[in-house]
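> The residues making up each chain are set out below.
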Amino acid sequence: MDRKKLEILENIDIEIPLFLEAIFQKYGYDFRNYSNAHIKRRLMHRMTLGKFDSISQMQDKILRDKTFFISLLEDLSINVTEMFRDPDFYSSFREHVIPNLKTYPFIKIWHAGCATGEEVYSLAILLKEENLLERCQIYATDFNRKVLEIAKLGIYPTQDLEKYNRNYIESGGKQKLSDYYTLNYGSLKLDQSLSKKIVFADHNLVSDKVFAEVNVILCRNVLIYFNKDLQDKVINLFYSSLSSSGFLCLGTKESLRFTQLEGNFVAIDPPLKIYKKKINNA
Amino acid sequence: MLKAVVIGTSYGGLEALQAIIPMLPKDFSLAIIVVLHIGDNKNGSFLQYLSKNCQLILKEAEEKEEVKAGTVYFAPPNYHLLIENDSSIALSAEPKVHHSRPSIDVLFESAAWHYKNQLVGVLLTGLNQDGAHGIKEIQKYGGITIVENPKTAIASIMPVAAIKIMNPDYLLNLNQISEKLVELSKLH
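Going down the list, the protein sequences come from chains A and B. If you count by UniProt numbering, then the first sequence holds residues 1 to 282, one letter each, in order. If you count by UniProt numbering, then the second sequence holds residues 1 to 188, one letter each, in order.
No lab work stands behind these hints: they were computed from the structure. All figures in this text were calculated on a predicted structure; none of them were measured in a lab. Where a beta carbon is used, it is the ideal one built from N, C-alpha and C, also for glycine. You may find that some hints are simply not true.
[Said to hold, decoys possible] Examples of chain A residues toward chain B, derived with CB under 10 Å:
(1) Met44
(2) Lys253
(3) Glu254
[To be verified] If you only want the chain A side, here are some residues facing chain B, beta carbon under 8 Å, derived:
(4) Lys5
(5) Leu9
(6) Asp13
(7) Ile14
(8) Arg32
(9) Ser35
(10) Ala37
(11) His38
(12) Val80
(13) Lys128
(14) Asn221
(15) Phe258
This is chain A alone, in the form it adopts within the complex:
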């Protein structure tokens, strides 16, 4: 193989940690414990796109150009979501979590890493159909302020509506999805009655602390972008935020395997990654 090409790859493994350190020092966003494969893919593509010769060259730019940093922040934040994504999860939530929540007079829910909000509104619809929404306070957080703005508006393109309808039906929806939105100028706007129980807020799982004690935490397809150490740290944060017997819902390919707290949770639905915090013995 071409020695020079191999050297480029070797250098990249040196340059990436330095680059992430530079972002942290300069802008306070901490990607140092993200999955390496994920970061490498995003940075290599940004390098090709921006016609940079090396990550170091990009580092020079990022320290001096905030606009460039903002665009990179977009690259590193994965915002893929859809209404009722993984419909099986929502039907399991109805079956396993809802009956328990019905015994509470007031319910606090934290949706961490909510991206553009489609899954938060999906949850609000489910809670409404179970006559629980009025008793709920949902905190939906993300570190990306741009996606939070979209989430607050609750207006989405209609191109995926067919899929959303299918998901809604598969998730065990009790009405019609169209009961919850109005169509306007090729967009769908979700009903105000859903959003009045949701507070959207800027929160970074990597650097911010516990902000409330909650009964349910949903954090789906976020941990897959973190390394084991960071996963452990975030699960600790979730553990501290959950009330006794609170529920933790992860993405279907995520797990508690890499956390020391695995033994402090019971898997309620193992394939769909719904866990319950054990009652404190102390």
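Since chain A is already given, all that's left is putting chain B on it; use the hints.
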């Protein structure tokens, strides 16, 4: 010394894999990582079907699992599969690439960067151009490349897209591929 084989395929892929994986011996010394486009379907049923005549262990790849020789890992539906610096599995729900998630390009590219010249890339039958860029990237970093002869492919678009932009080390009929993999695993 070679460490891993990555295989990418789409339409007709199940039949193609059926002609390769069961032929590999129990002591096959490389790890195998596969992206097969199957839409939103669950992996379970075809894994069961493929496993029947196989001497290797077939499984759906799990997040952060260490990649081991003699095991065949399949990307789960709706997730891209990438290889970490420590040879473990990373999954990603980022946007589709070539309308596909998992995407062959995503796997091939990340495997090329990690395994460099210790990798074999195999691109089989398929109806889109996913994988062409990825197998070129494998070659760029010294990996060995095998493309299925479009004449034996159920859908030739995928192998044709690759050979348009690169010159594979081996252009093989479907029934020659398993033999070549065994040969390479012993030579290197």
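> Which numbered hints does this structure break?
7, 8 and 13
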